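2 protein chains.
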Amino acid sequence: MQENLNYKLKQVGIIKTPYQDDAPYQPIDVDDGEFCIVVNDQYVDGLNDLAKFRYIYVMYYAHRITREAEMIVSPPWAEGKRVGVFSSRSPLRPNPIGLSVVRVKSIVENRIYTSGLDVFDGTPLLDIKPYIKDLDSKTDANYGWVEEMDDMEHLILHIKGIPHNY
Amino acid sequence: MQENLNYKLKQVGIIKTPYQDDAPYQPIDVDDGEFCIVVNDQYVDGLNDLAKFRYIYVMYYAHRITREAEMIVSPPWAEGKRVGVFSSRSPLRPNPIGLSVVRVKSIVENRIYTSGLDVFDGTPLLDIKPYIKDLDSKTDANYGWVEEMDDMEHLILHIKGIPHNY
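These protein sequence lines map, in sequence, to chains A and B.
Note that the numbering used here has the first sequence beginning at 1, numbered continuously upward.
Note that the numbering used here has the second sequence beginning at 1, numbered continuously upward.
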């Protein structure tokens with residue numbers, strides 16, 4: 001089977017965040033800084049009508065990853081639990097493409113101001129898609145393997161991005 | 001600004017669907033065929049624990065797209081409405097990477113059986129991510145520009161993938 005697709009990714013824009021050297025593991029619910037997606041000029045018309053959506057998907061290239069992907073990973077907040085990489089949101093995966101759901105605050109020309117984004121400042125933007133009610137908001141979703149952990153309640157604080165100090 | 005990222009996509013597997021020449025615009029809620037994601041052998045350990053999630057994200061490369069992306073598109077079910085490409089789920093976008101949320105039915109070795117997937121048979125798989133309660137299920141999501149359409153109720157049937165004949 002073909003291993004490499006003959007296709008190069010285009011950089012559609014850049015993501016600006018307060019995270020120069022440390023990024024949180026998940027989007028933070030509190031707005032402790034400015035999060036802004038800057039779209040390259042030639043793509044700005046593609047943003048028409050986007051501000052009408054409450055949430056959007058942001059797809060980006062995890063450009064700071066230099067190691068090879070491993071099939072078994074241990075999420076840093078999951079206390080040693082080892083899971084398959086496709087059961088995790090680790091950026092260290094065969095294609096290091098990240099995905100976040102964020103709230104749209106405002107769009108001014110080619111700049112989209114959003115709720116917290118758990119990426120490094122300067123991360124290349126690959127795509128934006130509307131997050132559509134019903135199609136994307138599955139009310140019966142679960143927490144997967146996290147539900148089997150002894151300290152599930154604590155881990156869910158991490159998933160929700162709620163600050164806590166224990 | 002750098003336009004092409006120096007990175008080639010890896011094919012992680014292949015998606016098998018009943019759609020040889022016609023694919024629906026959105027995932028169909030009814031299970032009118034077999035939908036199966038076949039992961040390449042070297043990635044099979046990455047599927048550990050994935051069956052514990054009710055929903056997963058499937059990321060794929062829309063390999064049948066040959067035209068250049070346009071910034072303004074007209075979704076085929078939206079009766080002439082023209083919107084920015086980033087406000088649509090059109091596969092004709094700067095990076096033709098598709099995203100679907102599907103239900104996991106079962107996983108047998110390297111095969112993931114899922115609910116309906118709106119892609120052509122043979123579509124290259126790029127990534128699978130867990131769809132995690134709270135992180136991804138936004139209960140206050142909206143329909144964006146669709147809410148301004150006269151026949152919103154009808155259009156929502158399309159979004160939900162509910163078959164109808166008017």
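Hints listed in this document are in silico derivations from the structure and should not be mistaken for laboratory results.
Please note that a few of the clues may not be correct.
Pair by pair, the computed Cβ-Cβ distance ranges are [to be verified]:
id : chain 1 : residue 1 : chain 2 : residue 2 : range
1  : A       : Arg54     : B       : Ser74     : 20 to 28 Å
2  : B       : Val108    : A       : Glu34     : 20 to 28 Å
3  : B       : Asp140    : A       : Met149    : 40 to 48 Å
4  : A       : Asp150    : B       : Met71     : 49 to 57 Å
5  : B       : Asp140    : A       : His164    : 33 to 41 Å
6  : A       : Asp151    : B       : Leu92     : 39 to 47 Å
7  : B       : Pro76     : A       : Leu92     : 33 to 41 Å
Below are the BS3-like pairs computed for lysine-lysine, each with C-alpha atoms no more than 25 Å apart in a straight line [as the list claims (entries may be wrong)]:
id : chain 1 : residue 1 : chain 2 : residue 2
8  : B       : Lys138    : A       : Lys138
9  : A       : Lys16     : B       : Lys160
10 : B       : Lys81     : A       : Lys52
11 : A       : Lys52     : B       : Lys160
12 : A       : Lys160    : B       : Lys52
13 : B       : Lys138    : A       : Lys105
14 : B       : Lys81     : B       : Lys105
15 : A       : Lys8      : A       : Lys138
In this text, all values refer to a predicted model and were calculated from it rather than measured experimentally.
Backbone N, C-alpha and C fix where the C-beta goes; we use that ideal spot for every residue, glycine too.
Status of the hints after comparison with the structure:
1. Range check, Arg54 (chain A) to Ser74 (chain B): Cβ separation about 23 Å, and the 20 to 28 Å hint holds.
2. The given range of 20 to 28 Å is broken by Val108 (chain B) and Glu34 (chain A), whose C-beta atoms sit roughly 47 Å from each other.
3. Asp140 (chain B) and Met149 (chain A) have their C-beta atoms about 27 Å apart, which leaves the hinted 40 to 48 Å range violated.
4. Separation of Asp150 (chain A) from Met71 (chain B) is about 50 Å and conforms to the stated range, judged on CB atoms against 49 to 57 Å.
5. At about 23 Å, the beta-carbon gap between Asp140 (chain B) and His164 (chain A) misses the expected band of 33 to 41 Å.
6. For Asp151 (chain A) and Leu92 (chain B), the Cβ-Cβ distance of about 45 Å falls inside the hinted range of 39 to 47 Å, so the restraint holds.
7. Roughly 38 Å separates the CB atoms of Pro76 (chain B) and Leu92 (chain A), a value that falls within the hinted 33 to 41 Å.
8. The hinted pair formed by Lys138 (chain B) and Lys138 (chain A) meets the criterion: a straight-line CA distance of about 8 Å does not exceed 25 Å.
9. About 34 Å separates the Cα atoms of Lys16 (chain A) and Lys160 (chain B), which puts this hinted pair outside 25 Å; it is violated.
10. For the hint pairing Lys81 (chain B) with Lys52 (chain A), the CA-to-CA distance comes to about 14 Å; that is within 25 Å, so the pair holds.
11. Annotation: proposed proximity of Lys52 (chain A) to Lys160 (chain B) holds, straight-line Cα distance about 19 Å (limit 25 Å).
12. For the hint pairing Lys160 (chain A) with Lys52 (chain B), the CA-to-CA distance comes to about 19 Å; that is within 25 Å, so the pair holds.
13. With a C-alpha separation of about 15 Å, the suggested pair Lys138 (chain B) and Lys105 (chain A) falls inside the 25 Å cut-off, and the hint holds.
14. Simply put, Lys81 (chain B) and Lys105 (chain B) have alpha-carbon atoms about 36 Å apart, too far for the 25 Å limit, and the pair is violated.
15. The hinted pair formed by Lys8 (chain A) and Lys138 (chain A) fails the criterion: a straight-line CA distance of about 32 Å is larger than 25 Å.
The structure fails to meet hints 2, 3, 5, 9, 14 and 15 from the earlier list, while all remaining hints are met.
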